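Participant: These are the residues of each chain, in order.
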Amino acid sequence: MTTVSPLHYLIVSAVLLVIGTLGVLLRRNIVVILMSIELILNAVNINLVAFSHLHRQVNGQAFVLFVMAVAVAEAAVGLGILIALFRNRGTVLADEMDLLKW
Amino acid sequence: MNEINPPQAAEYLRFLPEIILIVAGALLMVLEGVTTTPAQKRRLGYFALAAIAAAMLGGVAANNNSGQAFHRMLTVDGYGTFFRELVLGVGFFCLLSSFEYLRREGAETGEFYALVLFSLVGQCILATANDLLMVFIGLEVSSIASYILAGFLRGDRRNNESALKYFLLGSFATAFLLYGMAWIYGILGSTNIDDIHNVLSGTDRIVPLPLIGMAAALTFVGFAFKVSAAPFQSWAPDVYQGAPAPVSAFLSAGPKAAAFAVFFRVFMTGFGPINGRWVPLVWACALLTMIIGNFAALAQTNVKRLLAYSSIAHAGYILVALTADSQVGMAAMMFYLASYGLMNVGVFAVINHVANRHEKFVHISDFAGLGKREPATAALLTVFVLSLIGVPLTGGFFAKFYVFRAALDSHLIWLTVLGLLNSAVAAYYYLKILAAVYMQEPGEATSTLQPLEPGLRLTIWATALGTLLLGIFPSALIGFVSNSAATVLGKLGP
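As you go down the protein sequences, you meet chains A and B in turn. In terms of our numbering, the first sequence opens at residue 1 and continues consecutively. In terms of our numbering, the second sequence opens at residue 1 and continues consecutively.
Hints may be right or wrong, so weigh each one.
Unchecked claim - Covered stretches of chain B (in silico footprint by chain A; criterion: 3 or more residues with CB under 8 Å from a CB of chain A, positions within the stretch not fixed):
{"#": "1", "stretch": "136 to 149"}
{"#": "2", "stretch": "176 to 183"}
{"#": "3", "stretch": "187 to 196"}
Keep in mind that the hints were calculated from the coordinates and are not lab data. From a predicted model like this one, the values you see are computed outputs, not experimental measurements. The beta-carbon is built from N, C-alpha and C at its ideal position, and this holds for glycine as well.
Using the sequences provided together with the hints, build the complete structure.
Facilitator: Right, dumping it as structure tokens:
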């Protein structure tokens, strides 16, 4: 059995970052885009906890708590905005948001 | 890890503006539930104005007691105080000019005022943040409230779309910023900006420079988004066009000033020792931002969208000051944001006045004949537009003058030349507005104009007066901002 080193965590985090970024850039459904952003935030959290362990400090873990709390608030506001939009437009597809163009 | 001491009274005093705003905002949310008539709601607005004024006084009290607070999380110095007062001032006038707008749209609620206060809390934290954690919290508190404000009229499709675009791109950029912060913490072992500076400038420890460069680049993406710098500017036109006019004014001046404050503090102090790595990046970004902002603005017919592109271009000029990477550049940036805040809030207040119900009249042609119908308003609009161009005797002139002088001091000859050419291009689209105001006959918009409401009148007169004062007596402010910049950069030593 191989041991899990901090490097493994950083690789998982980098993979999550790439998946999240691709999700934001390629998916049309806004709910999925929101989920992809959450993936990136979780990549950040994994990184912070791994580094926190590496430095033998709790600062990184404290940071993670703030990130989680803020991410929840952000998701709540985001879904609220999305519901308001869905009521008026009947769609949650990003490429149909074309009212504001020149 | 040092032992945990409970915060001293002086530290709470340094946090006073934020405390006042949070308490007032929470109170407004409660009072919102027990008020019913529009007159009562209006009184909530006056209460919010009083809270902002109190927070401004609190900021002065905090400055008289300057220093760090809460385990070096915050630094209250002249620089932080300057930006606190600036964003509070912007918030005050945007709130004042929103009363008439909300009444027109039938949307007078306490929530709006509370959200403005909460957004200001975030911006005040950003102004004094001394730790990447506080930078993150300040950015999010400011942004989350701003997302809601951008879509405040829930039934309006443009508002919905504006809020959604702002939210999606904003949280995407914040996620990148955070990823960069996590790496900085991982490499340097601290999120404190002073510590970052010390580790990077020390020679006793080997720092993997390519990695820290990558982390700095990720934070750069986040900040560049918040200040609407190219190539991350694409949200700004849509958001400013779709959001309610007083909110557009607020977003284009307040959060932008706070984001620039923290952008300069992090890069010039924290990442100061590795400036060889980020200055070329900022150079390219500044040039691209000026060019995209100015040239895209040429084709606009919607005034709010035009001002959004103009706001991108102004961000480009301010990035020139960051490229200079000097004390003079930092002072120039502070002066620029003060004059930019004044003229932008003013010009949006005039738009707010002309726009009418549901923002029916926001095209350049709708300003036709304003000079005949309301000579005073037109004259003040002229002051703002000339200041945006950068004509002498207005604040905008000295703002550009100090920025480009700082650039020349740092031997950025090409950037200065290209920047000046850009501001010549900019004159064209700004003058299109004035041409409509003075050289065309009144159209539907200006013929049906309501009398200027007192709140808007006060906003327009006060911001115009401020713009002219900065243009005629710039020395008073430039002295203060030079001292503040010297304190920020000086305490770090060589």
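Participant: For each hint given before, does the structure comply? Return the numbers of the non-compliant ones in rising order.
Facilitator: Per hint list: zero violations.
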